[in-house]
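Q: Residue strings, one per chain:
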Amino acid sequence: MMSAPARSKLESLGLSASCAEVLSHLWDYLDEQITPTSAARLEAHIATCPQCRQYEEYQECFLRAMSNLKQELSAPSSLRERLAARLKGQGCGCWDKVSRQP
Amino acid sequence: MTTASPVMPHSPGLSVEESVLTADAGLQEARSASDVARDAAFERDALPWLDDVYRFALSLTREESDADDVVQETFLRAYRSWHTFIPGTDCRRWLFTICRNVFLRSRERQRPTVDLEDGEQDAVAAGSVYAAARERGYDDIYARLDLAPALRDALDELAEPFRSAVILVDVEDLSYESAAEVMGVPIGTVRSRLFRGRRLLQEKLATVAEDLGFHGAGAP
Chain W
1 MMSAPARSKL ESLGLSASCA EVLSHLWDYL DEQITPTSAA RLEAHIATCP QCRQYEEYQE
61 CFLRAMSNLK QELSAPSSLR ERLAARLKGQ GCGCWDKVSR QP
Chain H
1001 MTTASPVMPH SPGLSVEESV LTADAGLQEA RSASDVARDA AFERDALPWL DDVYRFALSL
1061 TREESDADDV VQETFLRAYR SWHTFIPGTD CRRWLFTICR NVFLRSRERQ RPTVDLEDGE
1121 QDAVAAGSVY AAARERGYDD IYARLDLAPA LRDALDELAE PFRSAVILVD VEDLSYESAA
1181 EVMGVPIGTV RSRLFRGRRL LQEKLATVAE DLGFHGAGAP
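Chains as they are written, first to last, in our numbering: chain W, 1 to 102; chain H, 1001 to 1220.
Hints in this document: simulated from the structure, not taken from any laboratory. Just so you know, even glycine gets a beta-carbon here, dropped at the ideal spot from N, CA and C. Be aware that a few hints might be false.
Stretch by stretch, here's where chain W covers chain H in the computed footprint (C-beta under 8 Å, at least three residues) [to be verified]:
#: 1; region: 1032 to 1040
#: 2; region: 1169 to 1180
Which chain H residues stay away from chain W? Per the calculated CB distances, all over 10 Å, these [to be verified]:
#: 3; residue: E1043
#: 4; residue: D1051
#: 5; residue: R1062
#: 6; residue: T1084
#: 7; residue: S1106
#: 8; residue: E1157
#: 9; residue: A1159
#: 10; residue: E1160
#: 11; residue: P1186
#: 12; residue: L1200
Same shape as in the complex, but just chain H (with noise of 0.2 Å):
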């Protein structure tokens, strides 16, 4: 009886042992290439948002240590699920949806539950706001006045998810369709926790113009 040896292919020329080790060799070449193909891609499409992202994550958290956590964690989760990156799709979106979920998850924090409150009650209630405003003589504020402190104050109070949608849409300049994906939540969705905050801030601008005794032109 006799024992068949495995046949293993070689290269004319090269014993079985030396024909392994270059097949070796090449596996070893044909991944270092991949990673080196990975790392110039994640170099180009995901190192430039690191400003973004890291701009993103202190509105989140509000806290200059914890943003910086969060970033760190967003790229290194980047890094090693590059591969369900789609190449030609809007990196910095990907990247702000990793943020959000590692922020969430960081903070331990539920699915909100919120009521929203439908469109047609929000229209409403944004024209009430308007409506105060120009009857206290307020409505000129934002031409008048440097809110940003005052804006920065009332979007970090300003509750999850209505914040996420604020600062996405109108600070990042996101349309709806991307802070949809990067919420995780219908277009519709962004648009009622979108215009819910824009109201819910209005609201809060108008409590400080009333705490500085703040008067329009016209008013008396």
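This is chain W alone, in the form it adopts within the complex (with noise of 0.2 Å):
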């Protein structure tokens, strides 16, 4: 239950105290953090709420945007050449196989 006077800053913001919930929880939500029935509430609440459901698109678009920065990037052929020659000087077996791309 969020207090009375976040509810009032909430106010303040043009926001609806009634979306409390859903701006409590809604980034637990969206990364599947909550029981299935909060989740069932919550999507209840965004269906007939336009604005948590804009904010909701909103936050989404950011968690993609965030996701989308998963560069695939591989370790320089150079990193390996240098791992490889450590791991051989511990020993390792398999220090050949770290030289070599995927």
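Dock chain to chain to rebuild the complex, using the hints, since each chain is given by itself in its own frame.
A: What follows is the structure in structure tokens.
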């Protein structure tokens, strides 16, 4: 339950106090960290509240943009060679597998 | 007085000396077999994550040469400590944990002592960022602009421990639980850092949008 000052703050931002639960738990919901029952309750509210739907879309877009940052960067061959040499020095029998590109 | 000779168990037909040599060879063989098994497991479970660890290290260090050092140290430590890895568990997470610790030690960074806001305050703050974006007409900025360069810059500027939480969960797609293990903190702390980190990123992006003079589709 959100405190009265927090609700008041939300209202001053033009956000309905009835949307407080969505505001509090949207990230938990998008991250699939809440129970199915809680998720269903949020979904029911979002389905009937244009403001919360917009807020959800806004945060989903943000998370998608973050996820897209995962570049398919590969470890440089120079790094692989250095690591292979050091593992070989440790007696690692699979050192030669490091320098091969996957 | 007779001197008792030590009783050396040995195989029939072999002298004591030959038996000792055979036993030594057996031990050597057993150790080698153990080493071979360890190396095979290391190759199978750890080496495939080299690119992922490199990407994670690069996001932490922001410098390729520093990332190289961190990655090398990570895999060397992993190899030396392979006996502590529990087969069947998430090796990528284990390597990320080592990687982050290597990075923190390399920078001699102290454990973060930033005051974290509680969940309610973060929720209100996130709502404030969104309300401001909506008011200024760029609440659809993520959908309309390629923000990847600005996001990367904002992520680079984001302070620890928020950066690690955001990278692990939002970029590397780890669960809260896995991120908590990597960072060595409770799940609730990951959640707080993650929410705060996201909000700080959104504030930075809002500044970028303003600097670009961006106006939303519906804004005048």
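Q: Would you mind marking each hint as holding or not holding in the structure?
A: Hints and how they fare:
Here's how the region 1032 to 1040 of chain H fares: 4 of its residues keep a CB closer than 8 Å to some CB of chain W, so the rule of at least three is met and the hint holds. Coverage of a stretch by a chain is defined here by at least three residues with a beta carbon nearer than 8 Å to that chain's beta carbons; for the region 1169 to 1180 of chain H and chain W the count is 6, and the condition holds. At roughly 4 Å from the closest C-beta of chain W, the C-beta of H/E1043 falls inside 10 Å, breaking its exclusion from the interface. Listed as a non-interface residue, H/D1051 fails to keep its Cβ farther than 10 Å from every Cβ of chain W; the least gap is roughly 5 Å.
A cut-off of 10 Å between C-beta atoms confirms that H/R1062 is not in contact with chain W; the least separation is 13 Å. Every Cβ of chain W is farther than 10 Å from the Cβ of H/T1084; the closest lies at roughly 16 Å, confirming the non-interface assignment. Annotated as non-interface, H/S1106 keeps its C-beta farther than 10 Å from every C-beta of chain W; the closest such distance is 16 Å. The Cβ of H/E1157 sits about 14 Å from the closest Cβ of chain W, beyond the 10 Å cut-off, so the non-interface label holds.
Listed as outside the interface, H/A1159 is consistent with that label: its C-beta sits roughly 17 Å from the nearest C-beta of chain W, beyond the 10 Å cut-off. Remark: the non-interface label on H/E1160 is consistent with the geometry, its nearest Cβ contact in chain W lying 17 Å away (cut-off 10 Å). Chain W leaves H/P1186 outside its interface by the beta-carbon criterion, the shortest separation being 14 Å against a cut-off of 10 Å. Distance check on H/L1200: its Cβ is at least 12 Å (rounded) from any Cβ of chain W, clearing the 10 Å threshold; non-interface status holds.
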